[in-house]
Amino acid sequence: MTDKIDIKNVAKLAALKLTTEEENKLEKDLSMIIDHFAALSEMNLPDEKISIHPLGTPLDLADDEAIIFLSHEEALSNAPESSDGQFVVPPSLD
Amino acid sequence: MKIVPTIGMETHVELKTNSKMFCRCNVVETDKPNENLCPTCLGLPGSLPVPNKRAIEFITLLALSTKCQITTDGMFHRKNYFYPDLPKNYQISQFDLPVGTEGSLEIVVNGEFSTVEIERVHMEEDTGKSTHIGSGRIDSATSTHLDFNRAGIPLVEVVTKPLIKSSKEAVSYIEELRQLVIDLDISEGKLEKGNLRFDANISVAYENDDELGTKVEIKNMNSLRSLEKAIEYEISRQTKMLNNNETIIQETRHWDEKKEVTSSMRSKEGSADYRYFSDPDIPNMILSKDFIDKIKNNMPVLPSEKRNTFINSGLSIEDANSIGKSPKWMGELYKSVSDITNDSKTTFNWITGELQGQLRKLGETSPPEWMTAEQLAEIISLVKNDKISFTSGKEILAELIEEKINPEEYAISNKLIQENDTEEISKMVKEIIKENSEVLERIANGEEKLIGFLVGQVIKLSNGKVNPSVAKELLLKEIK
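Those protein sequence lines, which keep their order, are chains H and A.
Under this note's numbering, the first residue of the first sequence carries the number 1, and numbering increases by one thereafter.
Under this note's numbering, the first residue of the second sequence carries the number 1, and numbering increases by one thereafter.
To be clear, the hints were calculated from the coordinates, so they are not data collected in a lab.
Cβ atoms here follow ideal geometry from the backbone N, Cα and C, with glycine treated the same way.
Check each hint, because a few of them may be wrong.
Derived Cβ-Cβ restraints for the label pairs, each shown as a range [as the list claims (entries may be wrong)]:
1. H/Ala79 to A/Phe277: 24 to 34 Å
2. H/Leu30 to A/Ser264: 44 to 54 Å
3. A/Thr309 to H/Leu40: 52 to 62 Å
4. H/Ser83 to A/Ser223: 27 to 37 Å
5. A/Glu305 to H/Ala79: 43 to 53 Å
6. H/Ile68 to A/Thr391: 36 to 46 Å
7. H/Ala11 to A/Ser326: 30 to 40 Å
Below, a list of computed lysine-lysine pairs in the BS3-like style, where the Cα atoms sit at most 25 Å apart [stated by the list, open to error]:
8. H/Lys12 to A/Lys259
9. A/Lys259 to A/Lys229
10. A/Lys259 to H/Lys4
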C-alpha cells in the first residue's frame, strides 16, 4: 500500500473543484492505480537504464534559421476571445 | 549563538539565437504582440518540437566555461503547471539529466577571489507575457491578456549550490555570470531587458547547526541593487524570526521595489507538484565527443582569463576585475596604453576615471576613432614627467576627444609646458615673498592655508607654467 494520496492537493493542482463524494471516490481510484504501479517495483529488473524512447531515434537538431509561419491574424483566428492583438483568458488567479 | 545566512541563486539567461528553442519562429524585439507564432509555440495538437542546434551549442559552451561535467546522454522533461503563460500547460525543461552539472565559477568579492559552486546548467524555454486586466493586480484581475512572442525563446537556467554567504557575494556572482555570457557571445546579458533574471533562495541557521534553515525563495529583483537589498532584508527578517523562536515557512516571496520589503506570494511548490516526466516528443539528446570538442576548441577568452592578464600587467585584483567588466574598448585600450607607459595604475586611472568621465559628460559610449593608444600614453607621460600639470593633461584629453591633435605639439603651442627649472622658479618665489610680507606674517602666526595662496601667486606670475609642487617646495624652503 502506498502513502495516502492528498486528493485535495491533486485537485488544486489540476484546478478542479470536487465535492466530498467525488474526493472520496477519486482518492480510492487513484490509490488503486498507484498500487498497481507499485507492483512494478517488486519485479526483479536488470540494472539498466530505463528506456524512455523505445525506438532509440537519434535526435535531429534544427538549424537556427527563423521563418515566418503564422500571420498575426492567423494566430489569433481561432481564439475564443482576443483584444488589442492579445489572447484573452479568465484571470490567472481566483 | 551566531546566526549565519545561506544563499543559492537561480539565474535564467536568455540566449541570443535567431529562432526559438523548439520551433523556428523569429526571436526579435517587437511592440506588436503575437507576431512570432506557430503551431508548436502555441501548443496546438499535432505539432512537434525540435531543439535549436545553436542553443544547444550555446548551453554546452556555458557549461564548459563554468567547468561543468557534460551530460552526453541527456533528455528533456515536461514541467507541468496550471498557468496560461505557456499554452501547452507545461514547460519543456530538463530534470535529472541537465546539460551541465557540478561546475564552478571564480568571482571577486571585496578585492579577493572566491568560488561559487554551480549545481546544474539546464536548457528550457521562456514563457509568454501576461498582463492582468482590471485592478492591475494579479489577484483581483478581471481577465488576463496573453502575448506569446516570448513563449519558446531559449533560456538557460544556472543553479548554484546553497553556499553563497552574503548579498555582496551574490551580486559579484551575477556580475561575473553576466560578463561570462557577454564574452561568450551567447546572450545580450542586459538586466534591464530581462536577458538575465534571477531568484535567490535564502535561509538562516545557527552557525553550528548541521542542517540548513527553511528555504525561502525571493522573486522580482530586477537589478543588482534590488538583489543586494532584497537579500539583506530577507536575512534580517529571518534572523529576527529565528531569534523570536518563530517558524519560518517554506514559501516564495515577492520583492517590493518601492517599499523595499519582501511579501508572501505563495507556498513553495516542491518538484513533485510539477509532475515532471520525460518529453516523449523529443528523443534523447546525445552530445557526441566531436560536438563537444568543436565547442571546446573554439572557446573565446573567458572573463577570468582576461582578469588574470590584467593582474599580470600590474593591476590589483579589484581593478583588474573592474576593467574586465567595463566596455570591451576600455580593456583593449588599457592594454595598449600600459604597454607603452609601463605604469598600470596610472593608465587604469586615466582610462576608467578621466577618459570615461569626459566621454560620459558628452553622452558618448566610446572614444573617437582617431584616438590612439600612443596619443593617450603621451598625455599620461607628459603629466607623469611633470612636463604639464594634471589640469593641462585633462584639457589636452578633452581636445583630443574633440579633434585629432598631437598632445605634445598642442601643449607647446598652447604654452602648457611647465617650468621645472628650479633657478627660474626660485627667482619668482623670492619676488612673490618680497611682495607679500603681510601674508608671510600671517603664515608665521599659524595661517598655514595661505601657503596655497602664495603658490597661486607664483603660478600667476609664470603665466601658469610653473609646476605647482616644485613652487610649493621652494616656497617652503624660503619661508623656513
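Verification of the hints:
1. H/Ala79 to A/Phe277: 24 to 34 Å: Since H/Ala79 and A/Phe277 have Cβ atoms about 29 Å apart, the given range 24 to 34 Å holds.
2. H/Leu30 to A/Ser264: 44 to 54 Å: This hint is violated: roughly 30 Å between Cβ atoms.
3. A/Thr309 to H/Leu40: 52 to 62 Å: holds (57 Å)
4. H/Ser83 to A/Ser223: 27 to 37 Å: holds (32 Å)
5. A/Glu305 to H/Ala79: 43 to 53 Å: With Cβ atoms ~51 Å apart, the hint holds.
6. H/Ile68 to A/Thr391: 36 to 46 Å: violated (59 Å)
7. H/Ala11 to A/Ser326: 30 to 40 Å: violated (54 Å)
8. H/Lys12 to A/Lys259: Distance of about 32 Å is beyond 25 Å: violated.
9. A/Lys259 to A/Lys229: Distance of about 11 Å is within 25 Å: holds.
10. A/Lys259 to H/Lys4: violated (43 Å)
When each numbered hint is compared with the structure, violations occur for hints 2, 6, 7, 8 and 10.
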